[in-house]
Amino acid sequence: MVNFDSISLYLPLMQIEKKGDFMQRLILASSSPRRKELLESLRLKFEISSSDADESFSETLSPAEVVMELASRKSETVAHDYPDCFLIGSDTVVVHDGTILGKPESGQEALQMLKKLSGNTHSVYTGVSIISPEKETRFYEKTDVTFWDLSDEEIDTYIKSGEPFDKAGGYGIQGFGSMLVKEISGDYYTVVGLPVSRLIRELRKIGYNLPY
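Heads up: the sequence shown begins at 14 in my numbering, then just goes up one per residue.
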């Protein structure tokens with residue numbers, strides 16, 4: 014005997030789940046393992062599409078403008094492949110004494126960066142671009158980081174670890190580079206590369222169907 018009540022309840026549920034799956038399709042426009050890990054820690058379902066966006070920028074832009082502009086380029090570069098999805102692009106820079114420090118390309122460049130940061134306070138800016146089916150939302154967060162006075166031996170050991178070379182400013186706070194840091198003022202995850210608390214709130218504002 015067919016239970017029509019169960020069928021009538023089941024069909025709308027399936028429709029809702031299908032709609033929810035569609036609305037929750039989230040794309041991370043980055044190959045960064047750190048950003049991937051942070052999104053996974055938020056229990057979000059997402060896909061990864063690496064962006065090959067141009068990362069050059071005008072020196073007339075402020076650090077905040079730079080990270081938001083580069084974040085936008087990353088999300089926009091892959092947006093045409095994912096219509097009606099939510100895309101996240103992000104970019105991080107380290108600023109010391111008014112100068113933006115990128116990713117060191119050699120041991121010598123890493124050495125110069127770390128010597129500048131040693132015993133001083135610098136700022137880390139992370140910009141985020143979220144492209145939804147309706148609009149783009151951009152924001153940034155800033156965190157100040159103070160390094161210990163580092164000996165030449167400490168700097169040399171860190172460079173030999175290989176960790177500085179794919180990170181803005183030549184260090185990773187979430188890894189071996191944590192030994193360099195004396196204190197921070199602001200959001201830790203901004204330094205890692207994705208301000209997750211702000212990200213969740215911005216996703217909710219634009220109508221993304223969060224799982225909690």
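Hints were generated in silico from the structure; no laboratory data involved.
Ideal Cβ placement from N, Cα and C applies to all residues, glycine included.
It is possible that part of the hints are untrue.
[As the list claims (entries may be wrong)] Between beta-carbon pairs, the in silico distance windows are: (1) 96 x 175: 18 to 26 Å; (2) 165 x 53: 35 to 43 Å; (3) 133 x 54: 15 to 23 Å; (4) 146 x 44: 18 to 26 Å; (5) 199 x 150: 17 to 25 Å.
[What the hints assert, rightly or not] Subject to a maximum C-alpha distance of 25 Å in a straight line, what follows is the list of computed DSS-like cross-link-like pairs (lysine-lysine): (6) 129 x 49; (7) 116 x 58; (8) 195 x 173; (9) 116 x 148; (10) 58 x 195; (11) 58 x 129; (12) 155 x 218; (13) 218 x 49; (14) 148 x 58; (15) 116 x 128; (16) 218 x 128; (17) 148 x 129; (18) 148 x 195; (19) 218 x 129.
Do the hints match the structure? See the list:
A C-beta distance of roughly 39 Å is found between residue 96 and residue 175, which places it outside the suggested range of 18 to 26 Å. Checked against the hint of 35 to 43 Å, the pair residue 165 and residue 53 passes, with Cβ atoms roughly 37 Å apart. Range check, residue 133 to residue 54: about 30 Å between beta-carbon atoms, so the 15 to 23 Å window is missed. At roughly 24 Å, the beta carbons of residue 146 and residue 44 sit within the given window of 18 to 26 Å.
For the hinted restraint 17 to 25 Å between residue 199 and residue 150, the CB-CB distance of approximately 21 Å keeps it satisfied. Distance check on the hinted pair: residue 129 and residue 49 sit about 30 Å apart at the alpha-carbon level, beyond 25 Å; violated. Pair hint residue 116 plus residue 58 does not hold up; C-alpha atoms about 29 Å apart against a cutoff of 25 Å. Of the supplied pair hints, the one linking residue 195 and residue 173 holds, its CA atoms being roughly 21 Å apart against a limit of 25 Å.
Taken as a hint, the residue 116 and residue 148 pair is broken in the structure, with Cα atoms around 31 Å apart against an allowance of 25 Å. Restraint check for residue 58 and residue 195: not satisfied, since their Cα atoms lie roughly 35 Å apart, outside the 25 Å limit. At most 25 Å may separate the alpha-carbon atoms for a hinted pair to count; residue 58 and residue 129 exceed this at roughly 40 Å. Proximity of residue 155 to residue 218 is assessed by CA-CA distance (about 21 Å); at most 25 Å being required, the pair is judged to hold.
Between residue 218 and residue 49, the direct Cα distance comes to roughly 22 Å. Compliance with the 25 Å bound is thereby established for this hinted pair. The straight-line distance between the Cα atoms of residue 148 and residue 58 is roughly 21 Å, inside the 25 Å bound, and the hint therefore holds. Between residue 116 and residue 128 the CA atoms are separated by roughly 15 Å; this keeps the pair inside 25 Å, and the hint holds. A hinted pair counts as satisfied when its Cα atoms are at most 25 Å apart, and residue 218 with residue 128 does not qualify at roughly 42 Å.
A hinted pair counts as satisfied when its Cα atoms are at most 25 Å apart, and residue 148 with residue 129 does not qualify at roughly 40 Å. A hinted pair counts as satisfied when its Cα atoms are at most 25 Å apart, and residue 148 with residue 195 does not qualify at roughly 40 Å. Only pairs whose Cα atoms come within 25 Å are accepted, and residue 218 paired with residue 129 is rejected, the gap being roughly 39 Å.
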